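Asks: If you read the sequences in order, they're chains C and L.
Take 2 as the starting number for the first sequence in this note's numbering and just add one per residue.
Take 2 as the starting number for the second sequence in this note's numbering and just add one per residue.
Among these hints, one or two may not hold up.
[As the list claims (entries may be wrong)] Listed below are several chain L residues computed to face chain C (Cβ distance under 8 Å; list not exhaustive):
| hint | residue |
| --- | --- |
| 1 | Pro26 |
| 2 | Gly62 |
| 3 | Leu68 |
| 4 | Ala69 |
[To be verified] Not everything, but these chain C residues come out facing chain L in the computed CB check (under 7 Å):
| hint | residue |
| --- | --- |
| 5 | Trp38 |
| 6 | Asp94 |
| 7 | Ala126 |
[To be verified] In silico DSSO-like pairs for lysine-lysine, Cα to Cα no more than 30 Å straight-line:
| hint | chain 1 | residue 1 | chain 2 | residue 2 |
| --- | --- | --- | --- | --- |
| 8 | L | Lys66 | C | Lys66 |
| 9 | L | Lys66 | C | Lys37 |
| 10 | C | Lys66 | C | Lys37 |
| 11 | C | Lys66 | L | Lys37 |
| 12 | C | Lys37 | L | Lys37 |
| 13 | L | Lys37 | L | Lys66 |
Simulated from the structure, these hints should not be mistaken for lab results.
None of these values were measured; they are calculated from a predicted model.
In this text, a Cβ means the ideal position worked out from N, Cα and C, and glycines have one as well.
Number of protein chains: 2
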Amino acid sequence: MKVSDAVAPASRAGFTDGVLPAACPTRVVLDHVTSKWGVLVLIALGEQSLRWGELRRVVQGISEKMLAQTLRVLEADGFVIRVAQPTIPPRVDYSLTDRGHELAAHLQPLLEWIAGHADQIVSDAAGRA
Amino acid sequence: MKVSDAVAPASRAGFTDGVLPAACPTRVVLDHVTSKWGVLVLIALGEQSLRWGELRRVVQGISEKMLAQTLRVLEADGFVIRVAQPTIPPRVDYSLTDRGHELAAHLQPLLEWIAGHADQIVSDAAGRA
Chain C
2 MKVSDAVAPA SRAGFTDGVL PAACPTRVVL DHVTSKWGVL VLIALGEQSL RWGELRRVVQ
62 GISEKMLAQT LRVLEADGFV IRVAQPTIPP RVDYSLTDRG HELAAHLQPL LEWIAGHADQ
122 IVSDAAGRA
Chain L
2 MKVSDAVAPA SRAGFTDGVL PAACPTRVVL DHVTSKWGVL VLIALGEQSL RWGELRRVVQ
62 GISEKMLAQT LRVLEADGFV IRVAQPTIPP RVDYSLTDRG HELAAHLQPL LEWIAGHADQ
122 IVSDAAGRA
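The shape of chain C in the complex, shown without the other chains (with noise of 0.2 Å):
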């Protein structure tokens, strides 16, 4: 599908239900890449793979509860993969899949160009609250 099916130009004349459609996959998988901590969790694991107690120090303020679901959703999207390495003690890493490396590529530009105009943008925000 491409992304002028989900988003395609709206004409004054008559928009068709089509355009943005609730229920297609790439509104799916949109919400779950773009959700609070989605993000977050796959720019750090774009970095290098980390473990549980890792990602919760490097995504900070998330919950034990919010990182477990975020970790399933992406792992359920095979955006993340869970390696147990056969250690004593255990040990557990997660790591981007190659479908989840190509993701965050598409991200970093975002998050670049964000980080570059995050501060102009809040204080902007505040000389006009």
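Please arrange chain L on chain C, whose structure you already have, making use of the hints.
Replies: Okay, now just chain L, sitting in the frame of chain C:
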């Protein structure tokens, strides 16, 4: 601020509190932009200016309350501008600012990638469940 400040490579040896810091402006703006509805409103307005009722139809499933709230946040961040036309009856259009268009240009490749892979991702996830 560069993205590397917000999302620094975290060495296993010692994570600092500066990695994805919860209070940094990048996190604030990221939350706005990647809110459940923020992305969809930005993409819709990236195509063309739209009136309230048009936005409600294009961004399927958004409630009056959530559309109002999303537009308020995107206006405060300087991404969206509300233009009242001096016509009878009065007419209000929502458009992207230059900053909003820049942001939308960075969202587009992400959306394209998701749209191109969403069918496969959702069907894989269903197969694993």
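Asks: Look at each hint and say if it fits the structure.
Replies: Taking the hints in turn, this is what the structure says about them:
| no. | hint | verdict |
| --- | --- | --- |
| 1 | Pro26 | 4 Å, holds |
| 2 | Gly62 | 4 Å, holds |
| 3 | Leu68 | 13 Å, violated |
| 4 | Ala69 | 17 Å, violated |
| 5 | Trp38 | 10 Å, violated |
| 6 | Asp94 | 11 Å, violated |
| 7 | Ala126 | 5 Å, holds |
| 8 | Lys66/L / Lys66/C | 28 Å, holds |
| 9 | Lys66/L / Lys37/C | 20 Å, holds |
| 10 | Lys66/C / Lys37/C | 13 Å, holds |
| 11 | Lys66/C / Lys37/L | 20 Å, holds |
| 12 | Lys37/C / Lys37/L | 8 Å, holds |
| 13 | Lys37/L / Lys66/L | 13 Å, holds |
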